[in-house]
Amino acid sequence: MYSNAYIFRYAGLMVILVATILSSAAMLLKPLQERNEAIDKMQSILSASGIQNVTADNAIELFNDYVVNMIVIDDNGNVINEFKGAGKENSEAFKINLKEQLYNKSVNRSFKLPLYVLEKDGETINIIPLRGVGLWGPVWGNIALKSDFNTVVGVTFGHKSETPGLGAEIESPVFKEQFPGKKIFNDEGEFVSIGVIKGGVEKFPAEVQRHNVDAVSGGTITSNGVNDMLKNVLESYVPYIQKRG
Amino acid sequence: MSTDKQEREPLFSTKNRKLLTNPLNIDNPITVQVLGICSALAVTAKIKPAFVMALSVIVVTTLANLIISVLRNGIPPRIRIIVQLVVIASLVILVDQVLKAFVYDVSKQLSVFVGLIITNCIIMGRLEAFAMGNKPWPSILDGIGNGLGYGVILIVVGFVRELFGSGTIWGFQVIPEAFYELGYKNNGFMILPPMALIIVGIIIWIQRSRNPELIEEK
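Which chain is which? The protein sequence lines are A and B, in order. Note that my numbering gives residue 83 to position 83 of the first sequence, counting from 1, and the numbers run on in steps of one. With the second sequence counted from 1, adding 245 to any position gets you my numbering.
Calculated directly from the structure, the hints in this document are not laboratory data. In this text, all values refer to a predicted model and were calculated from it rather than measured experimentally. Backbone N, C-alpha and C define an ideal beta-carbon position, used for all residues, glycine too. Some hints here could point you the wrong way.
Per the computed footprint, the stretches of chain B lying under chain A, defined by three or more beta-carbons under 8 Å from a beta-carbon of chain A, are [what the hints assert, rightly or not]:
id: 1; segment: 281 to 291
id: 2; segment: 316 to 329
id: 3; segment: 333 to 346
id: 4; segment: 431 to 437
Generate the whole structure from the sequences, applying the supplied hints.
Pasting the structure below:
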């Protein structure tokens, strides 16, 4: 039989060994992982504005080509930081932790949000990054708006752990293709966001169709998460949009 | 020295081959041992995640079996389950970190499933039932065999569900547009988890009825 002392020694040694292996692996691989995450974010931003063929290799270059301004706004809609030079992946707007800022918003603290301005074929496109919660974990994305800050150009969505075939379908082209052309303000200029609703959008009157898309079947909670995410994030930009006139 | 010779057996002796092939058939972890059902339901709506999950499970069962088998004589029995869990969890975290650093796309696809591997009963089942009492080489074969047996079922279920649920295979459209114009519709029920259970049930039924060894006496 093994003595208690042996068991303690064994467990202690095992824990130290495993902790060393795992933490050194995490530290060694961190720069590579962070680079991948930044590239993924750029690809998502570019693809929301309809720029095709962005690969991991040319993402940084294309991002710096297309993006003309990286803006940081505060909760009153004032611009507090702009960045127009090269190396936009190091700008303050790119590095803002959206999760933190949205948490600040939810507890009524002051917060700041990023806004990316692109120029594509002579048109200005404004990209707003999104973040919310799905069924199993966070969902996120980017929404691209025309220069009027009203009409949607395109969207991208991502998620950490939604169910494949169900909630994960928010990433599918079928879901995303519904967004271009939708409006986030109504005719009176009031903010209405874009809703994700069940039961077939085409059955509703035109006024409803302008502000809503079909939910993913079998992915109700994820769809509701996308709905809430759009509303929560977009409404934070309303003061800024209204100040611009 | 002659005893030493008797103990040494060829790498792929009949016994060792059986370790590889039995889990594919009469000792299948899903259809016979009924282990790992949770993940079989969760990841089989599409073939691609099912395939990547199968591959990851093969890697983890094989390595975990090897490590536990090497350590088996030093592991105190009273904390053996903890040791097994630590080995599995560390391997899974390592796999996840490496995927994130070198193949970010695949890691995004896998996301939740990597974590799910830790909870897969097959892995701990094999460690406890096999690797704790056998030499490293048979343990490796047992790990590969069980991973394969699990993977085959996952891919079959994923194939059926993706074909009838989405009309695609590996993301490519295979049911022609003309069918849809004639009124064919994808079966939405196929992409819901209960259908995976029904398909696994059908596979078990076919396997049992064709295989006399598996028919239980009344």
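For which of the previously enumerated hints does the structure constitute a violation, in increasing order of number?
none
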